[in-house]
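**Q** In case you want the letters, here they are:
There are 2 protein chains.
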Amino acid sequence: MEKNISKSVIRRLPRYYRFLEELLSEGVEKISSGQLAERMRSTASQIRQDLNCFGGFGQQGYGYNVAELRAEIGAILHLDGKRKVILIGAGNLGRAIAAHIDFAQYGCELIGIFDRDRALLGLDIAGLKICSTNALGDFCREKKPDMAVLCIPREGAKEAVKLLVEHNVRAFWNFSHYDIQGDFPEAAVENVHLTDSLMTLSYIMENNEFSAKEEQNT
Amino acid sequence: MEKNISKSVIRRLPRYYRFLEELLSEGVEKISSGQLAERMRSTASQIRQDLNCFGGFGQQGYGYNVAELRAEIGAILHLDGKRKVILIGAGNLGRAIAAHIDFAQYGCELIGIFDRDRALLGLDIAGLKICSTNALGDFCREKKPDMAVLCIPREGAKEAVKLLVEHNVRAFWNFSHYDIQGDFPEAAVENVHLTDSLMTLSYIMENNEFSAKEEQNT
Numbered sequence: 043m044e045k046n047i048s049k050s051v052i053r054r055l056p057r058y059y060r061f062l063e064e065l066l067s068e069g070v071e072k073i074s075s076g077q078l079a080e081r082m083r084s085t086a087s088q089i090r091q092d093l094n095c096f097g098g099f100g101q102q103g104y105g106y107n108v109a110e111l112r113a114e115i116g117a118i119l120h121l122d123g124k125r126k127v128i129l130i131g132a133g134n135l136g137r138a139i140a141a142h143i144d145f146a147q148y149g150c151e152l153i154g155i156f157d158r159d160r161a162l163l164g165l166d167i168a169g170l171k172i173c174s175t176n177a178l179g180d181f182c183r184e185k186k187p188d189m190a191v192l193c194i195p196r197e198g199a200k201e202a203v204k205l206l207v208e209h210n211v212r213a214f215w216n217f218s219h220y221d222i223q224g225d226f227p228e229a230a231v232e233n234v235h236l237t238d239s240l241m242t243l244s245y246i247m248e249n250n251e252f253s254a255k256e257e258q259n260t
Numbered sequence: 043m044e045k046n047i048s049k050s051v052i053r054r055l056p057r058y059y060r061f062l063e064e065l066l067s068e069g070v071e072k073i074s075s076g077q078l079a080e081r082m083r084s085t086a087s088q089i090r091q092d093l094n095c096f097g098g099f100g101q102q103g104y105g106y107n108v109a110e111l112r113a114e115i116g117a118i119l120h121l122d123g124k125r126k127v128i129l130i131g132a133g134n135l136g137r138a139i140a141a142h143i144d145f146a147q148y149g150c151e152l153i154g155i156f157d158r159d160r161a162l163l164g165l166d167i168a169g170l171k172i173c174s175t176n177a178l179g180d181f182c183r184e185k186k187p188d189m190a191v192l193c194i195p196r197e198g199a200k201e202a203v204k205l206l207v208e209h210n211v212r213a214f215w216n217f218s219h220y221d222i223q224g225d226f227p228e229a230a231v232e233n234v235h236l237t238d239s240l241m242t243l244s245y246i247m248e249n250n251e252f253s254a255k256e257e258q259n260t
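As you go down the protein sequences, you meet chains A and B in turn. For this note's numbering, count along the first sequence from 1 and bump the result up by 42. For this note's numbering, count along the second sequence from 1 and bump the result up by 42.
Bound-form chain A, shown alone (with noise of 0.2 Å):
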C-alpha cells in the first residue's frame, strides 16, 4: 500500500499530521474533508485523493477520525521509531535545535552533541554533555546512531558525514550547505537550507504576486 506513492504526498503527510494534531488539541473529534480543506487551504478533493493513497480513513456522510487519522499518518511517518539521533555542531543554531526540538514527538532520541570547539566541551544542553568530535567514532561504535543533525558550517561537514557514513549513520538532518547526496547518494537526506528560504521571501516582498497560491502547500 505505501509503495508508488508520489512524493508530493508524502512531502504533504507531515503538514496534514501538524494540522490533525492542532484540532486534537482543540478537542475536535472528527472533520469533513471539506472541513479540514477550508482550515488547510486545500480542496476537499486533494485530501481524499492524498489520504485514499493509503487506504482511505475517511467514512461516507460522517469524515475522518481525527485521531485515527492522525495515528495512521504518525505511523506512515514512522514516528512511533526508536531512532537515535546525534548532533554535531553546538553553536548557536545547533543549541537552538537541540533545545527547541521535541525529537521524542517524531520517534527520535537525542543521545549526543559534538563540537570541536573546547570551549563548549562539557556544557549542558537538553540534558546533554557537548563531547569533542574525537570521541565521536567510539561513540557511534557503541552507540550506533541511526541519525545525524548537521549543525556545523560547509567547511567541517564533508569529514564529518564520511566518518559517520562509516559509522553507519544513515540519515542527514542537514543545516549546513554542504551538498551531501553529492558525495554520499545512498544517504537519507533532508536539507534545510535556511538562508535559501530567507532570499525567497526577499523576492517575494518585491514581487507580490508570488505570494498566496505558492504558500498554500508549505
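Hints were generated in silico from the structure; no laboratory data involved. This structure is a prediction, so every number in the text was calculated from the model and none was measured. Hints should not be assumed to be uniformly reliable.
Stated by the list, open to error - With beta-carbon atoms standing in for the labels, derived distance ranges:
1) B/E208 / A/V70: 27 to 33 Å
2) A/Q91 / B/A109: 42 to 48 Å
3) A/E201 / B/A168: 24 to 30 Å
4) B/A109 / A/K171: 42 to 48 Å
5) B/D180 / A/N210: 51 to 57 Å
6) B/E80 / A/G179: 28 to 34 Å
Stated by the list, open to error - From the structure, some residues in chain A lie toward chain B, with a derived Cβ separation under 8 Å:
7) L119
8) N134
9) W215
10) S244
By construction, the Cβ of each residue, glycine as well, lies at the ideal position given by its N, Cα and C atoms.
With the hints as your guide, set chain B onto chain A.
**A** Frame of chain A; chain B shown alone:
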C-alpha cells in the same frame, strides 16, 4: 522580463546563488552550464532554461561569468535591498536566528528583537537588546520595519501578526506553526516548519527509494 517567471524557477534561484557564492569563494571565474549542472546535480538544459528566464547570462562557448551571474541573481532576489527586520520571540530558536543569520548579506538589517518574557528583557543578542513586546507598536510607528521573523509559539502568533500588519509590516519569515495567510492573504510569507522536515526525513530513512532524486532540487 521578471514577470511570468514560474514559481519553481524562483524557488531554485537561492540555490543557484548559493552555489555561485561557493564557486566565487573558490576563485572560479567562469563555468559552463554543464559544469554547473554537475556540481548542482541538475542538468545543463535545466540550468540554461532557468537562467534564460531572466534574459540569459551565458555566452555560447564561454559559459557563465560567475561573479556577474551571482550579482544578477542577487539583484533579481533583491539581496541589494535595505529591509528593516524585527524578530519576535527570543527563545532558543529566535536567539539562534538572530545570532546565526547574517541578515546584511541578504539585503536585511535586524533592528529589533522582542519578547514577552520579562526575564529576557535587556539581554544582548547580535548587538541588540531584547525589548518587551509591549513596546512593539511604538517601535513600529517610529522605525517602520518591513519584515518580521516570527519565532513564537502558534498561540501568541495571531495577535502579534495582527498588530504588525496594522503597522504595515508586510513580510513574515514564519517559524511558528501559525498559518498567517489564512488570516492575512495579502502578506508575503515564507514558512519554515522545521518539524515537517524532520518528519519527512523520518519517512525517507524508512523508505529509502524516496531519497536521492527528490532531494536534488533542495
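**Q** Is the interface hint for A/S244 satisfied, with its Cβ closer than 8 Å to some Cβ of chain B?
**A** 5 Å, holds
**Q** Hint check: is the beta carbon of A/N134 less than 8 Å from a beta carbon of chain B?
**A** 4 Å, holds
**Q** Go through the hint on A/W215 and say holds or violated, using the shortest Cβ distance to chain B against 8 Å.
**A** It holds, given that the least Cβ distance between A/W215 and chain B is near 5 Å, below 8 Å.
**Q** Taking 24 to 30 Å as the hint, is the beta-carbon distance of A/E201 and B/A168 inside that range?
**A** Once the Cβ atoms are compared, 29 Å apart, the range 24 to 30 Å for B/A168 and A/E201 holds.
**Q** Note whether the CB distance of B/E80 and A/G179 lies within 28 to 34 Å or breaks it.
**A** Once the Cβ atoms are compared, 31 Å apart, the range 28 to 34 Å for A/G179 and B/E80 holds.
**Q** For the hint 42 to 48 Å, verify it against the beta carbon of A/Q91 and that of B/A109.
**A** 46 Å, holds
**Q** A range of 27 to 33 Å was offered for this pair. Does it hold for the Cβ distance of B/E208 and A/V70?
**A** 30 Å, holds
**Q** Should the hint that A/L119 touches chain B count as held when the rule is a Cβ pair under 8 Å?
**A** 5 Å, holds
**Q** The hint says 51 to 57 Å between B/D180 and A/N210; measuring C-beta to C-beta, is that right?
**A** At 56 Å between Cβs, range holds.
**Q** Given the hint of 42 to 48 Å, is the C-beta distance from B/A109 to A/K171 inside that range or not?
**A** 45 Å, holds
Hint compliance for this structure: no hint is broken.
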